[in-house]
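A.B. asks: One-letter residues, chain by chain:
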Amino acid sequence: MSNRRPEVAAPWSSAGLLPNATAILRPGDTAPVLLQVRDVTQRYGAARALDGLSLAVRRGETLGLLGPNGAGKTTLMHLMAGVLAPTGGTVLLDGRGSPSSPATRRRIGIAPQDLALYTELTAEENLRFFARLYGLRGRALSLAVERALALAELTARRHHRVHTFSGGMQRRLNLACAVVHGPDLVLLDEPTVGVDPQSRGHVFDSLERLKALGHTLVYSTHYMEEAERLCDRIAVIDHGRLLACGTLHELVRRHGGGHRVRARLTRHPDDVSSGTIVGDEQEWVLPDAAQATELALKLGSSASSLAVRPPDLETVFFTLTGRSLRD
Amino acid sequence: MAAVTIALKDLRLLARDRVALFWVLGFPLLFALLFGSVLSAAADDSGRTFNLVLVDDVDSPQSRALLAALASAPGFSTERASRDAAHTLVRRGERLAFVRVRDVSGELGLELGVDPTRAGESRALSAALARVTIPSDGAGALPPLSIDTTEVGRTSEDSSFAIAFPAALLWGLMGSAATFAVSWVAERTRGTDLRLRSAPISGATVLAGKALACFLACLLGSGVLVVFGWAALGIVAGSWLAVVASVVSIALCFVGLTTLLGMLGRTEQAVAGAGWATLILLAMLGGAMVPLAAMPDWLRRASDVSPVKWGISALEGAYFRDFSGLELLGPCAVLLGVGVASFALGLELMARRAR
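Chains as they are written, first to last, in the working numbering: chain A, 498 to 824; chain B, 17 to 371.
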């Protein structure tokens, strides 16, 4: 036992909520790159889960990985966490550390898609166990556990066994276990999957607190509303390839495909050209909101139903892949 | 129709799970063959052979004639040895008994030194000896003989439980080990292995941690049994140090085996089933269920591959066979070898799975 690991400093500032390892940075090109994924390929036999994918995550930002099931999001997460070694390409933290090395893994936390908890242990016992694996001891350990319990809003249930928790509470604890050691980079693999809407809201509150604390987050999801609400930038992935990456505004501007006006007309106004026939409706695609509003006003008195849909992630995804995200 | 569809699906799943397939088809076959062989050997007295060591302390024409009669009698496999060598062979459990011809007040007498763990065989041996030494026509050249029977290595203070205790202890150790085999795969099924693999520790450290837990559980379980045996049943070991060495060796062996078993299965059910089935198979082959003496010769030779046999041998040596350090080294070395090899194989499987 003489070869004891030295105590690791508390990952959270004892004075407030700020983690001392990370500065709060809003998305901006000036923030340094924390994680670099370069031309990464991952093969499983003949199948390619990832196919020459490259992207960068800046310090302090929240990057969303948006794609349908089987797009390669989880594989990418596992590569970033160092659980898998890529078949080709490199993953680097701060430009030099590979996640396969223990020193780099110490700076990463992952909340797996499936709950990864010891259900016969209490919430606190789970957190203490995982924090110890990262070298936390003594006061630093206790402080880290307190912060993680607070983040997950589980302080009152700290001594309860996990199997007595609701699905949402387990999800929050799953998240807390990923951040208890104060990582620079937090990987969140569909952290709200399979929970009811109310619990999902609680989980999302925890995620927003995490973001407010300045953690760098990589967040995989196939829920557009989550990506829109939480992420500074969104990477659209399908068939293991990066199709587009940018802020929501950038993606919509580049790939949104315009504002869609759809109407079921009782008579056709004279000053409006014919739209595309979609069933018993007509649809017009216009480049900006002003033109869409003007058209809607003209159609208003002649339509039994009328809808204006601005471009969003759904249309971005459809434009990029030719199919709906939920297909 | 739906039931048939479900059944076909389950059979297809079974066919694609080679490990499960073995336990459903291969294992019962193996078990049936083993039990069949043991039971047929036990039922067939005509094929029984008594392995004896003959000692002639008198060296007279009569004593030589007596031993020659024994050597040529059907059902006896004999060899000659000095008194000390014969005693050692029986004490180690390598022979059923020694037969020593000695002088008893000017008459020939027989001392039968038997292995205390083979009491049933010893009784049959006494009867067989009487048949040889007293010819059925009553007109043999041999005078009536006195036969004194002693149990080699066992003292009169030994509890009657002492003989069975090593096998009981081994079952206890197997119980601890089998329970832990499941914990390996449980990490995978509950997803926590992903967290362990993403932590800044090596796969070998994870494996070592799991192995240590299994080892300590084995030690704790056997410690409780040993203390219970001593306090409640009066079982005193010939050497407590040898008991500790034996238990540690057996525990390390089972830690290795459970590591390997844990890596082979994909579900907790598969590993639990496979773990117990493997251990029962090894126990049966190793003499923890059916005495080795009841097995046919080929199966007794095959029992060398079972670490259970070596575990029982080490524990018997420690408890009542008075093994020296050197004698104990053999079974302990086999146990450690099996443990290390199994652990290394488990580690390799874990690394391969991670890749």
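Derived by calculation from the structure, the hints in this document are not laboratory data. Please read these numbers as outputs of a predicted model, since none were measured by experiment. We treat Cβ as the ideally placed atom computed from N, Cα and C, and that holds for glycine. Treat each hint with caution, since some may be false.
To be verified - Across the chosen pairs, the derived CB separations fall in these ranges:
(1) B/Gly191 - A/His656: 47 to 55 Å
(2) B/Gly191 - A/Gln695: 30 to 38 Å
(3) A/His656 - B/Arg34: 41 to 49 Å
(4) A/Ser597 - B/Ser199: 38 to 46 Å
(5) B/Thr283 - A/Ser821: 50 to 58 Å
(6) B/Arg34 - A/Val775: 50 to 58 Å
(7) A/Thr587 - B/Arg34: 52 to 60 Å
(8) B/Asp33 - A/Ser802: 23 to 31 Å
(9) A/Arg761 - B/Arg32: 32 to 40 Å
(10) A/Thr616 - B/Leu27: 46 to 54 Å
A.B. asks: Against each hint, give a clear statement of whether it holds in the structure.
C.D. replies: Right, here's what the structure says about each hint:
1. A C-beta distance of roughly 31 Å is found between B/Gly191 and A/His656, which places it outside the suggested range of 47 to 55 Å.
2. Taking the beta carbon of each, B/Gly191 and A/Gln695 are about 45 Å apart, not inside 30 to 38 Å as hinted.
3. Our hint of 41 to 49 Å for A/His656 and B/Arg34 holds, since their Cβ atoms are close to 44 Å apart.
4. At roughly 26 Å, the beta-carbon separation of A/Ser597 and B/Ser199 lies outside the given 38 to 46 Å, and the hint is violated.
5. At roughly 35 Å, the beta carbons of B/Thr283 and A/Ser821 sit outside the given window of 50 to 58 Å.
6. With their beta carbons about 53 Å apart, B/Arg34 and A/Val775 fall inside the hinted range of 50 to 58 Å.
7. The given range of 52 to 60 Å is broken by A/Thr587 and B/Arg34, whose C-beta atoms sit roughly 36 Å from each other.
8. Under the hint 23 to 31 Å, the C-beta atoms of B/Asp33 and A/Ser802, about 55 Å apart, miss the expected range.
9. A beta carbon spacing of about 53 Å between A/Arg761 and B/Arg32 contradicts the range 32 to 40 Å that was offered as a hint.
10. Our hint of 46 to 54 Å for A/Thr616 and B/Leu27 is violated, since their Cβ atoms are close to 32 Å apart.
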